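K.L.:
What follows is each chain in one-letter form.
Number of protein chains: 2
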Amino acid sequence: MENKKPFVIWFTGLSASGKTTVSEHLKRALLTRGVSSVLFDGDTMRKGISKDLGFSDEDRKENIRRTAEMAKLVALSGVNAICALISPFIQDRQSARSILSDFHFVEVFVNTPFDVCEKRDPKGFYQKARIREIIDFTGIDSIYEKPENPDIMINTENKSPDDCVRVVLSYLKNNEII
Amino acid sequence: MENKKPFVIWFTGLSASGKTTVSEHLKRALLTRGVSSVLFDGDTMRKGISKDLGFSDEDRKENIRRTAEMAKLVALSGVNAICALISPFIQDRQSARSILSDFHFVEVFVNTPFDVCEKRDPKGFYQKARIREIIDFTGIDSIYEKPENPDIMINTENKSPDDCVRVVLSYLKNNEII
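First to last, the protein sequences are chains A and B. Sequence positions in the first sequence follow our numbering and run 1 to 178. Sequence positions in the second sequence follow our numbering and run 1001 to 1178.
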C-alpha cells in the first residue's frame, strides 16, 4: 500500500457544490480497495487548525498553504491525502500544487452550477450572504476563479456521489496512481 | 488496520535527545506490523506549516496547537500519528492531550540527560545558544518542564533506537492499542 508515490486529490468548487460529500465517498471507496487516505475538509479545518483565520483573501491563502503543507507531511509519511476546500483563487491552487510537487497532485473541479449550490444551501450561508449577514462569501461578494485546466471535472447536479467517485477512480487507475 | 481507535504518540524531550530518530524507527517498525502512521516532526514542521512561527513561548504554544490539530485530522481519518516535538511546557502538552482526547494519546518522555544532548549537538544549536547566537533555546535560556507522569519514559544514552522502539511497542501491545 505504501510503496506507490502518494497522491493528493484536491477538490475545489463553490460552497455546497458537493466537495465534502464526494470526498468522503471517495475515501471509503479507496479504503475498500486497500488504499488509505487522510481527509482534510475545509469546514473541519476552520474549527481546528485554522480557527485563527477568517475569510479575507489573505486568510484564505494561509488556510490553503496550511492544508497543502499538512498534505505534504502526510504524503512524506507515505500516506495519501484528500483535500476539500473552496480554494477560489487560481494562484493559491497553483501554490498548493507547487508545495506538493513531489507527489501526484490531482485537481478536481466540482463544477456544480452556482444556482444549484445556492438552492441547496444546507447551512444557510448563501441566504446569509445575500442579506450581508456574512461577507466575503464565494460566489456572492468574493469571486471564484474556475480552474482553466483541471485534471478532473465533475458536476454533482445530476450525478450521485458514487457516480462522481467512479470518475475519480478511473482517472487514478488510468494514470497508474492507484 | 483502520478498525482500531487511532493512536497519537507524542515524543517530548530536549533538542538532540533522540526524538526524531526513535520516532522514525518506530514508524518503520509499526509499518512492518501492518500499522501505518503519519510522522509530524518539529524540524520538518518548522520548515513548512509553521514557518511563520518563532521560538517565543507563544509561538511554541501555537506550533503545538497546530501539531495536535493536524494529528486530530489524521486520526479522524482513521490513521495513526507520531509527533516528535520538544514541546517543553506541561500546559501545552496537556492541551495537546485534550485536543486529542477522542483517541489513544501516549506521551513518551525522551529523558536523555542534558549533558548528553549538548555533547551530541548534531546541528550546532547548543553551541550557538551558549554564545547567544540563538536565543530562547530549550535547556539554555528557555526551560524544559519534565513530564511528571509520562506514559512511557526512554533514555537514548545507552540504548539503541530499536531498544527504545521495543519499549514503545510493548506499551502499545500491553494496552491493546495495536
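The set of hints was computed from the structure by calculation and includes no laboratory data. Model, not experiment: these values are computed from the prediction. Glycine included, each C-beta is placed from N, C-alpha and C at the ideal position. Be careful, since some hints might not be right.
Which residues of chain B face chain A? A partial, calculated answer using Cβ under 8 Å [unchecked claim]:
1) V1035
2) L1039
3) R1046
4) R1066
5) I1177
6) I1178
Below, computed lysine to aspartate or glutamate pairings styled on DMTMM-like, alpha-carbon distance capped at 20 Å [stated by the list, open to error]:
7) A:K47 to B:E1062
8) B:K1051 to A:D52
9) A:K47 to B:D1057
10) A:K5 to B:E1024
11) B:K1061 to A:E24
12) B:K1146 to B:D1057
13) B:K1047 to B:D1059
14) B:K1047 to A:E107
15) A:K61 to B:D1057
16) B:K1005 to A:E62
17) A:K61 to B:E1157
18) B:K1119 to B:E1157
Facing chain A, from chain B, some residues (calculated, C-beta under 10 Å) [unchecked claim]:
19) H1025
20) D1057
21) K1061
22) E1069
23) A1081
24) I1140
25) I1143
K.L.:
Each of the hints needs a verdict: does it hold here or not?
P.N.:
Here is how each hint holds up against the structure:
no. : hint               : in the structure
1   : V1035              : violated, 11 Å
2   : L1039              : holds, 5 Å
3   : R1046              : violated, 11 Å
4   : R1066              : holds, 6 Å
5   : I1177              : violated, 18 Å
6   : I1178              : violated, 16 Å
7   : A:K47 to B:E1062   : holds, 15 Å
8   : B:K1051 to A:D52   : holds, 16 Å
9   : A:K47 to B:D1057   : violated, 23 Å
10  : A:K5 to B:E1024    : holds, 19 Å
11  : B:K1061 to A:E24   : violated, 31 Å
12  : B:K1146 to B:D1057 : holds, 16 Å
13  : B:K1047 to B:D1059 : holds, 14 Å
14  : B:K1047 to A:E107  : violated, 25 Å
15  : A:K61 to B:D1057   : violated, 26 Å
16  : B:K1005 to A:E62   : violated, 31 Å
17  : A:K61 to B:E1157   : violated, 44 Å
18  : B:K1119 to B:E1157 : holds, 11 Å
19  : H1025              : violated, 14 Å
20  : D1057              : violated, 17 Å
21  : K1061              : violated, 12 Å
22  : E1069              : holds, 4 Å
23  : A1081              : holds, 9 Å
24  : I1140              : violated, 28 Å
25  : I1143              : violated, 26 Å
The structure fails hints 1, 3, 5, 6, 9, 11, 14, 15, 16, 17, 19, 20, 21, 24, 25 (numbered hints given earlier, in ascending order).
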